[in-house]
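Colleague: Residue numbers (my numbering), protein chains in the order written: chain A, 1 to 198; chain B, 199 to 455.
Errors might be hidden in some of the hints.
Coverage of chain A stretches by chain B, computed from C-beta distances (three or more under 8 Å per stretch; other residues unrestricted) [said to hold, decoys possible]:
{"hint": "1", "region": "26–36"}
{"hint": "2", "region": "40–54"}
{"hint": "3", "region": "92–101"}
{"hint": "4", "region": "175–181"}
{"hint": "5", "region": "186–197"}
Hint data in this document are derived by calculation from the structure and do not stem from the laboratory.
All values reported here derive from a predicted model rather than from experimental measurement.
We treat Cβ as the ideally placed atom computed from N, Cα and C, and that holds for glycine.
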Amino acid sequence: MKKLYALLFSAFMLLADNARADVNPADAENFVKNVTQTGIEELINSNASTAEKKERFTKLFNQDLDLDFIGKFVLGRYWRTATPKQQEEFISVYRKLNIQTWSERFDDFKGKHFEFLGTENSKSEDQIFVNTQVPMDEGKPASVKWRVKKTGGNLRIVDIIIENVSLAQTARSEYTSYIQKSPNGIDGLIQELKAKLK
Amino acid sequence: MRSLKTNIIIMLISAVLFHITLAWATDDDSALETYNRAMFNFNTAADDYVIKPVAKGYRAVTTEFIRERVRNFFGNLKEPATTINHSLQGNFADSGKSLGRFVINSTLGLLGTFDVANGWGLPKNKTGFDTTLAKWCVPDGPFIVLPLFGPSTPRATVGLVADDVADPIYWADYYATFGNDLERYSFYYGLTTLGFISLREQNIELLDKLTANSVDVYSTVKSAYIQNRLKIGSCAGQKTENNDSYDFDFDDEDDFE
Numbered sequence: 001m002k003k004l005y006a007l008l009f010s011a012f013m014l015l016a017d018n019a020r021a022d023v024n025p026a027d028a029e030n031f032v033k034n035v036t037q038t039g040i041e042e043l044i045n046s047n048a049s050t051a052e053k054k055e056r057f058t059k060l061f062n063q064d065l066d067l068d069f070i071g072k073f074v075l076g077r078y079w080r081t082a083t084p085k086q087q088e089e090f091i092s093v094y095r096k097l098n099i100q101t102w103s104e105r106f107d108d109f110k111g112k113h114f115e116f117l118g119t120e121n122s123k124s125e126d127q128i129f130v131n132t133q134v135p136m137d138e139g140k141p142a143s144v145k146w147r148v149k150k151t152g153g154n155l156r157i158v159d160i161i162i163e164n165v166s167l168a169q170t171a172r173s174e175y176t177s178y179i180q181k182s183p184n185g186i187d188g189l190i191q192e193l194k195a196k197l198k
Numbered sequence: 199m200r201s202l203k204t205n206i207i208i209m210l211i212s213a214v215l216f217h218i219t220l221a222w223a224t225d226d227d228s229a230l231e232t233y234n235r236a237m238f239n240f241n242t243a244a245d246d247y248v249i250k251p252v253a254k255g256y257r258a259v260t261t262e263f264i265r266e267r268v269r270n271f272f273g274n275l276k277e278p279a280t281t282i283n284h285s286l287q288g289n290f291a292d293s294g295k296s297l298g299r300f301v302i303n304s305t306l307g308l309l310g311t312f313d314v315a316n317g318w319g320l321p322k323n324k325t326g327f328d329t330t331l332a333k334w335c336v337p338d339g340p341f342i343v344l345p346l347f348g349p350s351t352p353r354a355t356v357g358l359v360a361d362d363v364a365d366p367i368y369w370a371d372y373y374a375t376f377g378n379d380l381e382r383y384s385f386y387y388g389l390t391t392l393g394f395i396s397l398r399e400q401n402i403e404l405l406d407k408l409t410a411n412s413v414d415v416y417s418t419v420k421s422a423y424i425q426n427r428l429k430i431g432s433c434a435g436q437k438t439e440n441n442d443s444y445d446f447d448f449d450d451e452d453d454f455e
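Model the full structure from these sequences, guided by the hints.
Modeller: In structure tokens, the structure reads:
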């Protein structure tokens, strides 16, 4: 009987192991390497015009960031109470605003170089963390952690955690707090976000 | 004579502690939140009308070379606090390195304005009493907004005051013999203000970006501040930073409120 349990247990562990291996660490790391290279080392440091940079950023972010997923997350429980029209409108404006915000974030890393420090598992089977650090002019290097998710065979970034601060968690606190206080709820938030678009 | 800066900090903290105690006494989280938001708005107004314009003016009349000298000067004054606190945390090698930095930079580095020690393999490795308390298992307490100093917690506030006492400006103030009271006050108050403005100047772009795209700046700052503090670590000597805290799940109703 004990042997049977042991057998079952090891079979279970094998399965669990397989589930963990859903996202190949090396693939995830290469994927982030590619994004930082095209996004930062090539794009930001290039002499392209602002308009051209914006166009290339838009393409890069639409392709490599899972903004539908992030958008759902940042609305928290309000996502479920939103009407399909509100959901669609929110994702649309959130996508545009993020491309704007993230290009600015990437601008902060101008002339900087990312060092890759391996990966860490996530609780979710389809996700993995890629650890990097950026040497700064003074003091300790800044830690930048990338949360990578596998969706339909493709790898996508779903969060960037800079010096322990998760952009997705921070946006979630901001948006849920806004909706809670706003008399117009989600519609108020959508209007406010539209006003932020340049 | 107690440092004017310390007097101001103690005064501000007494005011804040009064509000926190009140919030706790009435067992009402929203009382603290109300106080925090009011103080946050006050700080924002002070920043919009006074602090940020002065920081921009400072940037306009100085070159980056001068600003770096100023940053290094004030950074060097934090070195004694770093030395003491590395020792309190049991990191005696780091404490020695920090002391070496202070001695080298204060002399060869011309009163700390040049970071000579960095080039000699003694890079900056700052710590403070807040981190020491964290390693000693002192809990952090709730998020509070201090007048002018901004986001903090009770433990971070205690750290702020303790580190200030280790600042050579404080000692100099205590033992100063030159000039009359007014001259000494002007000197120290001027230095403290310059340090504050230099700090604000370094963060002009950062804060502009943070506020530009935010619909609720207070919530953004609060969330980012709390997350960032987790990297200080805990008393077990391990980082409290845990990937679990970033693992998100839509169906979890209780992970925010």
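Colleague: Each hint needs a verdict: does it hold in this structure or not?
Modeller: To see whether the hints hold, each was checked on the structure:
Under a criterion of three residues with beta carbons nearer than 8 Å to beta carbons of chain B, the stated coverage of the region 26–36 of chain A fails, only 0 such residues being counted. Coverage of a stretch by a chain is defined here by at least three residues with a beta carbon nearer than 8 Å to that chain's beta carbons; for the region 40–54 of chain A and chain B the count is 0, and the condition is violated. Residues of the region 92–101 of chain A with a Cβ under 8 Å from some Cβ of chain B number 3, which satisfies the need for three, so the listed coverage holds. For the region 175–181 of chain A, the assignment as covered by chain B holds, since 5 residues bring a beta-carbon within under 8 Å of that chain's beta-carbons and 3 suffice.
Evaluation of the coverage hint for the region 186–197 of chain A: fulfilled, as 4 residues show C-beta separations to chain B shorter than 8 Å, against a requirement of three.
In terms of the numbered hints stated before, the structure departs from hints 1 and 2, listed from lowest to highest.
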